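Q: Letter by letter, the chains look like this.
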Amino acid sequence: MPRISLNPAAAIFLALLAFGLVGPLLVYPVFLMKVMCFALFASAFNLLIGYVGLLAFGHAMFFGGAAYVTGYLLKVAGWPAEVSILAGATAAAVLGVITGLLAIGRQGIYFAMITLALAQMFFFFCVQAPFTGGENGLTAIPRGHLFGLLDLSDDVSLYYVVFAIVASGIFLIYRTIHSPFGQVLKGIRDNEPRAISLGYDVNRFKLIAFTISAFVSGLAGALKAIVLQLATLVDVSWTTSGEVVLMTLMGGIGTVVGPILGAAVIITMQNYLTGFAEWVVTIQGLVFFFTVLIFRRGIAGEAERIYRNFRLRAVSPPRSEKTGRQDAVAPRNAA
Amino acid sequence: MLDLPAPALFGQLLLGAINGAFYALLSLGLAVIFGLLHVVNFAHGAQYALGAFCAYLLLKFAGVPYWGALILSPLIVGLLGSAFERLFLRRLYDVDNIYQLLLTFSLALIIEGTLRALFGSSGFPYENPLPGGINLGFMFMPYYRAWVVAVSIVLCVATWLVIEKTKLGSYLRAATERPDLVRTFGINVPLMVTVTYGAGAALAAFAGVLAAPIYQVNPGMGANLLIIVFAVVVIGGMGSLMGSVVAGFGLGLLEGLTKLVYPTASSTVIFVVMALVLLLRPAGLAGREVH
Amino acid sequence: MPETVLPLLSLRDVCANYGPSRALHGVTLDVHSGELVTLVGRNGAGKTTTLKAIAGLMRDRTGSIAIGGAETIRLAPEKIARLGAAYCPEERGIFASLSVEENLLLPPVLHQSGYSADDIYQLFPRLYERRSSQGTKLSGGEQQILAIARILRTGAKLLLLDEPTEGLAPVIVDQIGDIVRILRQRGFTILLVEQNFEFASQLADRIYVVENGRVVEHFSADEARSQPDRLRAYLSV
Numbered sequence: 001m002p003r004i005s006l007n008p009a010a011a012i013f014l015a016l017l018a019f020g021l022v023g024p025l026l027v028y029p030v031f032l033m034k035v036m037c038f039a040l041f042a043s044a045f046n047l048l049i050g051y052v053g054l055l056a057f058g059h060a061m062f063f064g065g066a067a068y069v070t071g072y073l074l075k076v077a078g079w080p081a082e083v084s085i086l087a088g089a090t091a092a093a094v095l096g097v098i099t100g101l102l103a104i105g106r107q108g109i110y111f112a113m114i115t116l117a118l119a120q121m122f123f124f125f126c127v128q129a130p131f132t133g134g135e136n137g138l139t140a141i142p143r144g145h146l147f148g149l150l151d152l153s154d155d156v157s158l159y160y161v162v163f164a165i166v167a168s169g170i171f172l173i174y175r176t177i178h179s180p181f182g183q184v185l186k187g188i189r190d191n192e193p194r195a196i197s198l199g200y201d202v203n204r205f206k207l208i209a210f211t212i213s214a215f216v217s218g219l220a221g222a223l224k225a226i227v228l229q230l231a232t233l234v235d236v237s238w239t240t241s242g243e244v245v246l247m248t249l250m251g252g253i254g255t256v257v258g259p260i261l262g263a264a265v266i267i268t269m270q271n272y273l274t275g276f277a278e279w280v281v282t283i284q285g286l287v288f289f290f291t292v293l294i295f296r297r298g299i300a301g302e303a304e305r306i307y308r309n310f311r312l313r314a315v316s317p318p319r320s321e322k323t324g325r326q327d328a329v330a331p332r333n334a335a
Numbered sequence: 001m002l003d004l005p006a007p008a009l010f011g012q013l014l015l016g017a018i019n020g021a022f023y024a025l026l027s028l029g030l031a032v033i034f035g036l037l038h039v040v041n042f043a044h045g046a047q048y049a050l051g052a053f054c055a056y057l058l059l060k061f062a063g064v065p066y067w068g069a070l071i072l073s074p075l076i077v078g079l080l081g082s083a084f085e086r087l088f089l090r091r092l093y094d095v096d097n098i099y100q101l102l103l104t105f106s107l108a109l110i111i112e113g114t115l116r117a118l119f120g121s122s123g124f125p126y127e128n129p130l131p132g133g134i135n136l137g138f139m140f141m142p143y144y145r146a147w148v149v150a151v152s153i154v155l156c157v158a159t160w161l162v163i164e165k166t167k168l169g170s171y172l173r174a175a176t177e178r179p180d181l182v183r184t185f186g187i188n189v190p191l192m193v194t195v196t197y198g199a200g201a202a203l204a205a206f207a208g209v210l211a212a213p214i215y216q217v218n219p220g221m222g223a224n225l226l227i228i229v230f231a232v233v234v235i236g237g238m239g240s241l242m243g244s245v246v247a248g249f250g251l252g253l254l255e256g257l258t259k260l261v262y263p264t265a266s267s268t269v270i271f272v273v274m275a276l277v278l279l280l281r282p283a284g285l286a287g288r289e290v291h
Numbered sequence: 001m002p003e004t005v006l007p008l009l010s011l012r013d014v015c016a017n018y019g020p021s022r023a024l025h026g027v028t029l030d031v032h033s034g035e036l037v038t039l040v041g042r043n044g045a046g047k048t049t050t051l052k053a054i055a056g057l058m059r060d061r062t063g064s065i066a067i068g069g070a071e072t073i074r075l076a077p078e079k080i081a082r083l084g085a086a087y088c089p090e091e092r093g094i095f096a097s098l099s100v101e102e103n104l105l106l107p108p109v110l111h112q113s114g115y116s117a118d119d120i121y122q123l124f125p126r127l128y129e130r131r132s133s134q135g136t137k138l139s140g141g142e143q144q145i146l147a148i149a150r151i152l153r154t155g156a157k158l159l160l161l162d163e164p165t166e167g168l169a170p171v172i173v174d175q176i177g178d179i180v181r182i183l184r185q186r187g188f189t190i191l192l193v194e195q196n197f198e199f200a201s202q203l204a205d206r207i208y209v210v211e212n213g214r215v216v217e218h219f220s221a222d223e224a225r226s227q228p229d230r231l232r233a234y235l236s237v
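Protein chains in written order, with the numbering used here: chain Y, 1 to 335; chain U, 1 to 291; chain F, 1 to 237.
Keep in mind the hints are simulated off the structure, nothing from the lab.
Possibly wrong hints are sitting among the right ones.
No more than 27 Å apart at the CA atoms, straight line, and that leaves these computed lysine-lysine pairs for DSS-like [unchecked claim]:
no., chain 1, residue 1, chain 2, residue 2
1, F, K79, U, K167
2, F, K137, U, K167
3, F, K137, U, K165
So these bits of chain Y aren't anywhere near chain U, every CB distance computed over 12 Å [as the list claims (entries may be wrong)]:
no., residue
4, A11
5, G23
6, R143
7, Y200
8, T239
9, T291
10, I299
Fair warning: this is a prediction, and the values are worked out from it, not measured in the lab.
Glycine included, C-beta positions come from ideal geometry on N, C-alpha and C.
Start from the sequences, fold in the hints, and give me the full structure.
A: Take a look at the structure:
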């Protein structure tokens, strides 16, 4: 059974991988890199909401925090790129451990509010901290050299470095989900009391997942700081936390390719919307609104449902009607 | 004790009480909505800003003064809130409750984004309807600020009385526990839900009108406040209405004092308290968790 | 059974689902005005679900449920209540955040024919004594009495009682039996779900046996008393 449902996903992965490799020949590389950063960010977020059932509402803290650290190390301390990136992601992981320790004990809605509040505290900290550049942020961050050799100021070289890191990050998430550890996470998502009664230290599992998610979010933020040469308060603001939720939801919560597709759609949309300048937030809000109301499964979720229905109809035509019911599956994925 | 001049101390305490009044009003509205709907209303801050803008627009285009806006603006925002619940939010009661949260969040984006697009981010002043003040000897008390604190306390107590002591309140409490059973008694719970959401939004709008003369009327006024209110709610717990009100005022005062002692920490002190509470009493001070 | 009078409650081929799983597979039964009818059957047979379907609590229900001739299959629970049906759940449904008196006065009076609070306090002095304590602080038996008493105020004609004796001591069971008998004498129509076979056969005018979400057998009071073994066979595990 799992082999059958895995194959189309694998096909999509191969297609994405192939597109990623030739991407810079077709599309403006900086745009693609931005999409990849957010795809990684959304994948990290999805690890929590899709596979542990935790709605974290403060992931901008890890994304933006890492962007600041990496940006500062490159610009002011003049560290090499690879060390700066790693330091940024590690800083995010540390923030993740702290946030996780505080938030993991509370459930559901409270978890969302606590993570949001802690992220806001971090935001206020960034407003005042001396190394963030305050309202202006860190601008013109030098991209530096990878291992002192490869000049990253060249868009195409940077592109393949970013591509490699993002692909490894997403692979890390994928491995986590499909490992025995990931099975336990899904068990916790589906029935926490049962996981507890089976003797699992549920909070420890959640904390580890949260830390991985924070680390990968940080990786995404660090890359973003290098790609756009910019780290600002926007990166740590609650709107960014909301944006990653939207990307994941739009792509499909609890699917591996979903967040990638969601990030691509939202970033593309933002690109096209720059002409509407001041109405961008409203439009994004409306898209969010109707995604929640009528498109909760997201792109990958809907595609999977159509594919399943199609297969089912091919196997046993008369029975397909019942499985086609709206909302029969979607909420479980997210719960 | 700290060696502080009395006027500065009382001045900061008053500022703290004002902030506390807004924390209390907003967390009360959140708690009322949460009690019956089990929805965290992420649009609460936007509804607060909408209330302030309503007052501003009513004054500018219809000549409605502050006191009229104090009634009309909550009414308008309350009706809009009820319509939102009835037309959209209601469709999500059968699915996981994160979707309800996300829908209110997206509503917040729509409201705030639209206000920003129409009116810009800089904001507008709103004239103080009660200028002047009185010298109390130890401090100067502006009339308007006294009014804000007083009316907030009255409103909080009134809300508490309605819920704890009236027939309607008993419907609300019962419907919070077992909405289905309450419906079999012939009580229209879905209508109550619509009205309750509207009332919560109206309460936020009322706070927005109150805030207009003190802070500026601007699109971002709600979002930042709401996150602080979330921290207040985590500290006080959403289980009890009184808990959220007391926590609101208490934390406002604490913030005021911090501004005096160590100004740098004043914007984060509430979050620090939240973190401490989470470490020491993971279930929150009120200790009642609703799943 | 030829009947010229329309039954007060009439179910025809009622099906209901809990999510994807079907709980009722076509229940058909009638309850006439003034009757006390009992549903018996094993755990999970569909007795409680039948009551919930009548009260409107099973959203996914099909078939026909008529109360006083009015079709209710698509009505919301609050509308069904206005037709004179009142539901008393198995777990009693006493509200913890309400006092005993608030619990009693909670259901609005929908028809003037109901009991007043004074009548009820006279009938159940214990409730009066404890009127200001928290509803759930009452003993199980007292909670059951409160749960029944509270729907008498509304003027409902049709009482849907779900296992009022469950988990109660024999003395209290007798007391509940007396109350149900009195209500029957005062003209209430009662549909009672009961696992307690003795209790059911003593009180009921008629008994329906429910199995696998269907009515599989029907006994009059006389039949139930003359052939207790046949009835018991349905309930034995």
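Q: For every hint, state whether the structure bears it out.
A: Hints versus structure:
no.: 1; hint: K79(F) to K167(U); verdict: holds (20 Å)
no.: 2; hint: K137(F) to K167(U); verdict: holds (21 Å)
no.: 3; hint: K137(F) to K165(U); verdict: holds (19 Å)
no.: 4; hint: A11; verdict: holds (29 Å)
no.: 5; hint: G23; verdict: holds (30 Å)
no.: 6; hint: R143; verdict: holds (32 Å)
no.: 7; hint: Y200; verdict: holds (19 Å)
no.: 8; hint: T239; verdict: violated (8 Å)
no.: 9; hint: T291; verdict: violated (8 Å)
no.: 10; hint: I299; verdict: holds (17 Å)
In summary, the structure is inconsistent with hints 8, 9 from the numbered list given earlier, while agreeing with the others.
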